[in-house]
Amino acid sequence: MRTQVPVAIAFIAGVVMVIQFFVPTHHSMALRDTLLAWTRIISAFALVVGIGSLVSINISKLRRLSPGWIYAIVTLAGFAVMAVFGILGTKEAAAPAWRHTLDRCYQWLFDNVQVPMDATIFSLLAFFIASAAYRTFRARTFEASLLLAAALLVMVGRVPLGVEIGAKLHEAIWGGSTTAPVTPEWLQSLTEWVLNCPNTAAQRAIMFGAALAAVAQALRIIVGIERPYMSGS
Amino acid sequence: MEHPGFWHVFSVWVAALLTLIAYSFLYKDNPAYRFVEALFVGVSAGYGLAIVYRDVVIPDLWKPIHDEGDLLRLIPAVIGVLMLSRFHPKISWLSRWPMAFTIGIGAGMSIPATIQANILKQVQGTMVSPVVLDKATAMENAVASVSNVVLIIGVLSVLAYFFFSKEHTGGYGRFCKLGIYFLMFSFGASFGYTVMARVSLLIGRVTFLLYDWLHVGAVLLR
Numbered sequence: 005m006r007t008q009v010p011v012a013i014a015f016i017a018g019v020v021m022v023i024q025f026f027v028p029t030h031h032s033m034a035l036r037d038t039l040l041a042w043t044r045i046i047s048a049f050a051l052v053v054g055i056g057s058l059v060s061i062n063i064s065k066l067r068r069l070s071p072g073w074i075y076a077i078v079t080l081a082g083f084a085v086m087a088v089f090g091i092l093g094t095k096e097a098a099a100p101a102w103r104h105t106l107d108r109c110y111q112w113l114f115d116n117v118q119v120p121m122d123a124t125i126f127s128l129l130a131f132f133i134a135s136a137a138y139r140t141f142r143a144r145t146f147e148a149s150l151l152l153a154a155a156l157l158v159m160v161g162r163v164p165l166g167v168e169i170g171a172k173l174h175e176a177i178w179g180g181s182t183t184a185p186v187t188p189e190w191l192q193s194l195t196e197w198v199l200n201c202p203n204t205a206a207q208r209a210i211m212f213g214a215a216l217a218a219v220a221q222a223l224r225i226i227v228g229i230e231r232p233y234m235s236g237s
Numbered sequence: 020m021e022h023p024g025f026w027h028v029f030s031v032w033v034a035a036l037l038t039l040i041a042y043s044f045l046y047k048d049n050p051a052y053r054f055v056e057a058l059f060v061g062v063s064a065g066y067g068l069a070i071v072y073r074d075v076v077i078p079d080l081w082k083p084i085h086d087e088g089d090l091l092r093l094i095p096a097v098i099g100v101l102m103l104s105r106f107h108p109k110i111s112w113l114s115r116w117p118m119a120f121t122i123g124i125g126a127g128m129s130i131p132a133t134i135q136a137n138i139l140k141q142v143q144g145t146m147v148s149p150v151v152l153d154k155a156t157a158m159e160n161a162v163a164s165v166s167n168v169v170l171i172i173g174v175l176s177v178l179a180y181f182f183f184s185k186e187h188t189g190g191y192g193r194f195c196k197l198g199i200y201f202l203m204f205s206f207g208a209s210f211g212y213t214v215m216a217r218v219s220l221l222i223g224r225v226t227f228l229l230y231d232w233l234h235v236g237a238v239l240l241r
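First to last, the sequence lines map onto chains G and H. For what it's worth, our numbering labels the leading residue of the first sequence as 5, then goes sequentially. For what it's worth, our numbering labels the leading residue of the second sequence as 20, then goes sequentially.
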């Protein structure tokens, strides 16, 4: 019951989805849509488990008054306010006015708290990436030099300053001649070529390997050799 | 000039202060930053829950059952509730059922989709002619031919590098080394992209602070 049933569920669900792909009839498509809707509903409960874990960790921090308990209050308050406004608020015309007000509060929190913090915290990484790049990109080997060259080319070739530098170099060398072998936008073109050719080649080869591994892993899950759903319970 | 309303000014100040407090981490870790970090975690979790409620629970569960009488939707709801058994150690094994269902569906869906999109389509994209003659000029033909040759050699050499059943020595070893060069080039390009994405976020925040909050952007551009 504890081990066979989950294995059987994973096997049946996986096989049904594979067969559905090769038998795209009206009924099988309807079955696929139903199963996908079911999966969305079940996944919603997985989010509840995750949030339950976050809340219980913060509540236990608060109960023990462990270091940083004050921040647990901030997390719980932020969560409660956003969740209540988001769940009770609505834009539906038939809903009472107080629910419209809650929806406006939810939207305000999203625009002026969630979005600025999200962008700022992710933009902090720009500074850490810069210091990491300094350590990584010291061109000690030919491979490191290639890494540096590609990164610089992508960074410089796709911003207005880089385009301007390319045009100035073109003018300095060929003096605006129409018979020049390259156009003033040569740096942009070179960047595009680097991204579309050598970069695509390497990414494609990596993708092959990852795709084959993903298919093998999915097969192992379906036949029950791999059982990730057994862990943690 | 029309003056902005109180709520607009208040909103800009809230966003600006949160931005500045978050950037204070660049100097060193401090209580104000930790406050913003904790607030961000809480608000993001609440936002995630609200989004799931609005985009999944209402349209996929509540409306089909309440408005259309589709009682079959109660089945995934019951299976989903089993997920909550993880909070009770004695019955936590029940959470394996919804997990197995979700993972099984994902695995079954991914097999044909991955083969089609990530293998067959990519093989098709790599099977290009090394000699191109149908462009307008000889220069364009040459560039397209070189690009195709680079693409073919790049894919094959990187695949050869990842094939560890044959020792990387001799001519084969040199071909694998070429694969490493392609990989390094690609990693560099990916790194460049990542840096640009982060820097563009930084530019966005600085623009907000200068234009929307301090109103000095126009002065600086003069």
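Simulated from the structure, these hints should not be mistaken for laboratory data. The structure presented is a predicted model; accordingly, all values stated were derived computationally and were not measured. Certain hints may be false.
Unchecked claim - Derived, one-sided and incomplete: chain H residues facing chain G with beta-carbon distance under 10 Å:
1. 24
2. 123
3. 157
4. 162
Think of the CB as a built atom: it goes at the ideal place given N, C-alpha and C, for glycine as much as any other residue.
Here is how each hint holds up against the structure:
no.: 1; hint: 24; in the structure: 13 Å, violated
no.: 2; hint: 123; in the structure: 3 Å, holds
no.: 3; hint: 157; in the structure: 13 Å, violated
no.: 4; hint: 162; in the structure: 8 Å, holds
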